[in-house]
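Engineer: Knowing the structure of chain A, use the given hints to seat chain W on it.
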Amino acid sequence: MEKIVLPDIKDLHKLDVYKANDGYTAIKKALSQSTDDIIDQVKKSGLRGRGGAAFLAGLKWSFMPKTTDKPKYLCVNGDESEPGSFKDRQIFDFNPHQLIEGTLITCYAIGAKTAYVYIRGEYHKWIKLFQKALDDAYAAGFVGEKMKETFNTDFACEIYVHKGAGAYICGEESALMNSIEGQRGYPRIKPPFPAQNGLWGCPTTINNVETITNVPKIINNGWEWFSKIGEPKHPGTILFGVSGHVNKPGVYELPSGTLLTDIIYKYAGGVPGDKKILCVIPGGSSMPPLIGTEIEGVKMDAESLKAAGSSIGTGGIIVMDEDTELVKVLARISKFYYHESCGQCTPCREGTSWLVRILDRIAKGNGSSHDLDMLINVASNIEGNTICALGEAAAWPVRFMITRFRDYFEERVQKEVTLPVKNKVHSMRETAFPIAPQTQSLSRADFKKD
Amino acid sequence: MEFKFTPENQEKIKDILKKYPTKKAAVMPVLYLGQEQNGWISKEVMIEIASVLEITEEEVFGVVTFYTMFFEKPMGKNHLQVCTNVSCMLRGGYEIYQQVKEKLGIDNMEVTEDQKFSLEEVECMGSCGTAPMMAVNEDYFEDLTAEKVNEIIESLKEKN
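Chains as they are written, first to last, in our numbering: chain A, -12 to 437; chain W, 80 to 239.
Isolated chain A, as found in the complex (with noise of 0.2 Å):
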């Protein structure tokens, strides 16, 4: 199977090495072509965005305005920050030129004449990687003003790196263009769409890092020979990042619709011990996990996982053995998009706060079987009611473990209600809110004061 985002290609990452293997032909190609052809190969190719969304890349350009006095924008998104996945690395780590001609190619096709790569900040190592090729590239005239003279065109494009700071939020488009501006990470409200009114309110496009990288291939190539790998409905390959229980875990990079069990037994070397697995979560830590015994025949693409009842996301895979407290995850996990909500939206803010509330007293062994239907309860309440899909994020993950595991769950938490002496007067009606026995909030000395 060839390799089209990450091939074995021994430093690949030097620019000498890259212009070796066909490096900047796509870009030479690309310019000799109209911007309409371009969209419309991409189009045709089926590229799907590998940033989660799973919207066509094609499709999304298409959407940029023909005419128009405004500058035009492309944001590539590095801000990768979905635990579970670390996919985009390894292409600032060994095919940084790709992402770069994918970049210009891009730029090319929509009319933009900057381009920001937007890199979260934890990797400092891998923004020093790029930004090393990215020098070299503009010494040696594939970027920027010069390019006219190498290519012998009258486009020029620049790039510029802009570091995140630490907000798993700023991978949402629009709360990555208010961090470029300068700004709180906010999502925007949609519409307007980033195409119409996106950087300093003018057109904008936000592709993924593994997207982009895709570009240059398609065009070198042909859409034909892409859409023809893997799933047809979402052709190409994936980046695939195995972690948890698995004996060799890691970045893969594999035709789309590639069973799950494959990529966990063939290639993550199977789980450690040999134990069984309780629970996959197929596409990072936002996605619905899904039962450990029920991934026989699941294949990794949009569509199929889609059926499956999860998503393909950004591909992060996390697997999870027999042993582990399910429990102590789903916590872990709210803990974090709670740490993340950005506060714009009450049913996040609140709610993410409620649900780590009810999963710590759960896993404390203090939880009632009325907590499970009120982290349900709380978690629809807040998913569809917010401004960016961090509701969603918050929400699925707890929504679908409970719903999916529900017997687990049942297992641990008590299922009589038994209510301190204060509040045995109102035992004789229904209370919304049980309350735990031996929560910590209550001590002895608040009953002496009655």
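Some hints here could point you the wrong way.
[Said to hold, decoys possible] Taking lysine-lysine pairs in the DSS-like style, the calculated list, with each CA pair at most 25 Å apart, reads:
1. K156(W) / K115(A)
2. K133(A) / K(-3)(A)
3. K112(A) / K156(W)
Quick caveat, the hints were computed from the structure, so don't treat them as lab data.
Structural biologist: What follows is chain W alone, placed relative to chain A:
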């Protein structure tokens, strides 16, 4: 304590400003410069950045408080960041966190008395495939074991 950017950093700011159509957009990279020079983002750093970029002090403050990588208090010379998110947790991230806590005798976001170490429990750092992990300032240490953590901390103690 008044804060002024060094002449070198003033040159760097000029270069940064070329990347963006507005001055305000440079606030994050300039904050990084300020943090590098001062060690942390003090009130004086924010005031200086506001005047350099011709934006309000509140705008700078808003950005500083939103992002976790801008420190509003002095941190240790070696800032230890231990990930405890799902993938690391499944492979012993919390044990590593606990070990570092006990070894240094500090809690989350605290600094040791000699100012050499500080600790932060961080969210996913993108090291899921090489979990558990810890970052010391800008460097990642991956596939950690209790012995490795001991070695790292001991060698840092000797070095400084």
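Engineer: Please go over all the hints and tell whether each is borne out by the structure.
Structural biologist: Each hint, compared with the structure:
no. : hint               : result
1   : K156(W) / K115(A)  : holds (21 Å)
2   : K133(A) / K(-3)(A) : violated (28 Å)
3   : K112(A) / K156(W)  : holds (19 Å)
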